[in-house]
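Q: Construct the entire structure; sequences and hints are all you get.
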Amino acid sequence: MGSAFPSEADRLPFRDPALPWGKRVDDLLQRLTLDERIALLHQYAPSVERLGVASFRTGTEALHGVAWLGEATVFPQAVGLGATWDEDLVHEVATAVSVEMRAFHRHRPTASGSGANSLQAWAPVVNLLRDPRWGRNEEGYSEDPLHTARLATAYCRGLAGDHPDYLRAAPVLKHFLAYNNEDDRCVTSSGVRPRVLQEYDLAAFRPVVADGAATGAMAAYNLVNGRPCHVSPLIEAELRRWAQPTGHELFVVSDAEAPSNLVDPEHYFDDHASGHAAALKAGIDSFTDQNEDSTTVIGRLREALDRGLIDEADIDRAARRHLQLRFRLGEFDPDLDPYATIGPEVIDCPEHRGLARRAAVESVVLLKNAGLLPMAPRSAPRVAVIGPLADMLCEDWYSGTLPYGVTVAAGLRAALTEHGGEVVCVEGVDRIGLRSRTDGRLLCGTSFDVAEWGGGALTLRDAGTGRFLSLKDDGSLAADQERIKSWFVHEAFLLEPAPGGDPDTVLLRNRHTGRYAAVDPADGRVTVTAESAESAEHWRRELVRDGLAEARAAAEQADIAVVVLGNHPLINGRETEDRADTALPEAQEALLRTVFAVRPQTALVVMSSYPYAVDWADEHLPAVVWTSHGGQETGHALAAVLLGDAEPAGRLPQTWYRGDDPLPKPLDYDIIKAGWTYQYHRAAPLYPFGHGLSYTDFTHRDLRLSDASISQDGEARITVTVANTGARSGSELVQLYVRALDARYEAPRRRLADFRKIRLEPGESRELTFRLPAERLAHWDVATGAFTVDPGDYEIIIARSAEHPVLTAPLTVTGMAPAPRTVLGRRTLAVDFDDHTDIGIVDATRTSGDAVTAAHPDRPATLLFRGVELTGAVRVEAETAREAEAGEVRLELRAGDRLLAGIGVPVTGDRHTWTTTTAELATPPDGVHDLTLTLHGAFRLAAFSLVTSD
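First residue of the sequence shown: 0, per numbering that gives the first Met the number 0; consecutive thereafter.
For the record, the hints were derived by calculation from the structure and aren't laboratory data. Small disclaimer: the values here were computed from a predicted structure and weren't measured. Heads up, the beta-carbon is just placed ideally off N, CA and C, and yes, glycines get one too. Certain hints may be false.
Said to hold, decoys possible - Here are the simulated lysine to aspartate or glutamate pairs, EDC-like style, with alpha carbons at most 20 Å apart: (1) LYS22 x ASP315; (2) LYS280 x GLU256; (3) LYS484 x ASP519; (4) LYS22 x GLU344.
Claimed, not checked - Cβ-Cβ distance ranges computed for the label pairs, FRET-style: (5) SER111 x GLY465: 26 to 32 Å; (6) ALA369 x GLU555: 19 to 25 Å; (7) PRO790 x LYS22: 49 to 55 Å; (8) PRO790 x LEU335: 50 to 56 Å.
A: This is how it looks when you write it as structure tokens:
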């Protein structure tokens with residue numbers, strides 16, 4: 000950021016550190032020309048030489064280490080950090096990451112683009128892990144909003160540093176909002192009803208912003224309720240409202256190319272000037288679009304200004320936020336910046352390596368243990384480490400470049416050698432040759448080790464060099480890639496049966512392009528250019544080494560087998576691609592069963608970015624362990640846990656569902672209705688949220704509440720004693736859940752209200768006290784549009800997981816019972832329903848408001864409003880929009896089973912053009928009733944009112 004300041008510029012007020020930042024920002028802003036101010040709105044803001052202002056770029060990826068800039072300390076994936084449940088540790092990790100960011104900023108060239116590496120950290124990700132099939136599952140912390148918010152706050156605090164004025168790095172929360180699917184992510188809409196919005200999706204962002212820990216946010220690619228997130232009114236209405244008390248404005252950035260997506264592929268606006276203008280007015284301050292080409296974005300914003308779609312005040316508002324951030328990062332006070340002297344020696348320094356190991360250890364979760372673990376080196380001198388991940392570490396898209404990597408096999412070998420033990424490592428994958436049926440030559444003149452990663456996706460690694468087969472830009476194939484890490488993965492293939500039914504003949508298809516390998520009969524050149532199976536080359540699959548036989552032999556000769564299975568983070572489940580299911584890859588499942596058949600003393604280590612349905616393993620194996628892709632120290636960490644040199648201190652941050660559990664559809668974001676997460680899922684999971692075993696034993700006793708009852712704005716203090724009754728020291732995660740009894744709304748089965756991770760020595764006990772304000776019992780009341788704590792009975796639960804309560808106590812909230820819902824003489828939003836069937840939530844206008852529509856116009860859809868006072872109602876008014884004539888379209892109003900009114904819905908010509916239609920009630924009702932609105936046909940309903948005779 001630093002630059003040589005001209006002497007005259009050095010004397011300008013914005014350079015004076017004695018002035019308040021607000022005055023300095025205003026001084027600099029008013030010195031910039033309009034064009035210079037517009038230029039600040041692109042990711043790559045150019046320098047202003049006449050004022051000595053350097054160029055600036057937004058965004059360095061820093062999710063679990065500095066990414067994309069070269070070798071840096073690589074910590075466990077975010078989901079692994081989530082498994083630690085350790086805010087102090089997460090804070091330490093973020094501190095190390097931001098220290099390395101400072102070193103990269105000042106001492107390392109950019110990997111791409113111009114200017115210094117940015118000190119704005121595009122991390123953490125606070126999207127909730129609602130669906131374990133999400134391709135970016137590895138990037139989030141948890142399926143629970145409280146857990147996610149607490150760890151995200153710790154990470155943000157670590158990134159930002161503790162100086163009262165200057166930031167070490169500027170954390171940006173990703174991705175706002177309700178983003179949890181990859182397939183068609185730029186055009187899919189997350190239907191989020193108000194309760195889910197307020198209690199779940201916003202609940203992960205709200206505490207982090209309100210705490211002042213985050214300096215910005217990034218809008219998501221998807222739409223929410225039919226409106227693209229980049230023009231969401233929630234940016235201003237929620238995000239910035241929460242930030243106001245902190246004294247700092249949020250700097251909101253777009254995701255890459257998302258502003259252009261507003262026109263194509265989303266077709267939400269007719270032209271880019273309109274789309275960019277709408278995004279700016281909605282609260283986007285920086286446009287990450289067109290890579291380094293700032294002229295395109297600047298031109299679009301200039302056109303919008305000329306057309307009157309925006310004004311200079313809109314430009315200045317975003318430019319001011321841009322400059323505020325740069326002042327806080329110390330750019331204009333180089334002599335006062337407390338972090339300016341950080342040197343390059345901090346990158347992957349010994350302290351950070353030690354922290355990476357500790358984080359990896361703390362993230363390991365022991366899912367099952369029937370006594371096999373910890374392994375005793377002297378009683379198990381020979382260990383077979385088997386599987387495609389036994390001797391391989393992977394980088395994910397948002398990890399740094401590994402400076403070194405300790406694999407599971409290497410970690411166990413180093414640990415066991417000290418005790419005279421031996422480690423034998425085999426992958427257990429087939430080695431094959433692919434011989435052309437056309438000319439008889441082997442593909443690339445070599446054989447390949449073939450690993451499967453799910454969905455039929457395979458990697459083929461040269462048996463001689465260990466390099467991956469890769470598709471080149473000219474369509475040729477070469478086994479030349481040491482590591483798979485690119486946006487477009489050219490190293491994933493399918494081996495498909497060839498027409499004709501010969502089991503030894505296959506077709507080779509590249510998974511990225513969908514094209515098949517073909518052989519030119521003239522020169523024998525192999526290119527991946529065939530568009531169909533009919534024109535593809537037929538390859539004879541020649542088995543050189545049987546992977547299952549190799550694994551079987553290694554397991555037979557070992558005392559214990561450790562089978563390491565899981566995913567490759569860039570294949571079958573990654574950004575832009577969701578998983579179809581949660582099953583282990585077929586080849587990996589077969590490998591596990593083969594090993595167990597000859598060596599019952601088998602431990603499964605699942606190394607993955609997401610949960611798997613390992614039902615068979617749980618039923619048959621004596622031990623199952625999970626770790627995320629844990630970074631450079633993975634092998635040392637797992638060896639320490641497997642051998643008992645460290646405790647398995649991790650606990651699951653999300654539910655692991657059973658394989659036969661029919662999960663809701665990926666785009667069903669209504670966690671209440673669909674039954675997502677531990678809060679609402681009713682089927683018993685394989686491993687519940689918060690689950691994790693220890694090598695020692697804990698007991699919980701003496702659960703006490705300071706008060707048996709509290710008011711609706713009161714507070715209870717909850718005390719419990721935890722004791723280590725085992726023979727080893729260990730960590731226990733004490734989880735506090737709450738549950739509403741006999742609620743008038745569909746309440747969660749239980750909801751996490753607090754947690755504390757403690758370490759106890761053998762025989763040690765500790766009394767813990769939790770503060771429980773009544774607001775932790777609140778739900779979003781759709782009748783009042785606010786959080787409400789209902790009076791009534793609640794249950795306080797101390798648990799070891801969401802499905803393992805150990806102590807409970809009753810708590811009563813006192814207060815007046817809620818009155819019947821009022822709809823008379825007021826506008827009631829259709830989206831504020833209590834329950835529904837077959838409803839879709841859509842945008843009322845391009846700028847604000849939600850509406851509902853039938854998810855399937857060929858069948859009725861219903862909205863239920865419970866406990867409505869209807870006395871005196873004589874007429875209903877409905878706000879509807881209907882694009883065109885298309886069969887019978889009507890709205891029906893019922894009290895219980897009684898039809899009150901039917902309304903014909905007129906055509907308005909556009910989905911955003913509204914009209915109000917009225918109908919008299921056939922038999923005016925009295926008293927409190929459940930009110931049902933039924934939608935027949937294709938139209939939108941924004942709101943309704945019931946009118947009295949007065």
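Q: Give a verdict on every hint.
A: Here is what the structure says about each hint:
| no. | hint | result |
| --- | --- | --- |
| 1 | LYS22 x ASP315 | holds, 14 Å |
| 2 | LYS280 x GLU256 | holds, 18 Å |
| 3 | LYS484 x ASP519 | violated, 30 Å |
| 4 | LYS22 x GLU344 | violated, 37 Å |
| 5 | SER111 x GLY465: 26 to 32 Å | holds, 28 Å |
| 6 | ALA369 x GLU555: 19 to 25 Å | holds, 21 Å |
| 7 | PRO790 x LYS22: 49 to 55 Å | holds, 50 Å |
| 8 | PRO790 x LEU335: 50 to 56 Å | holds, 54 Å |
Checked against the numbered hints given earlier, the structure breaks hints 3 and 4 and satisfies all the rest.
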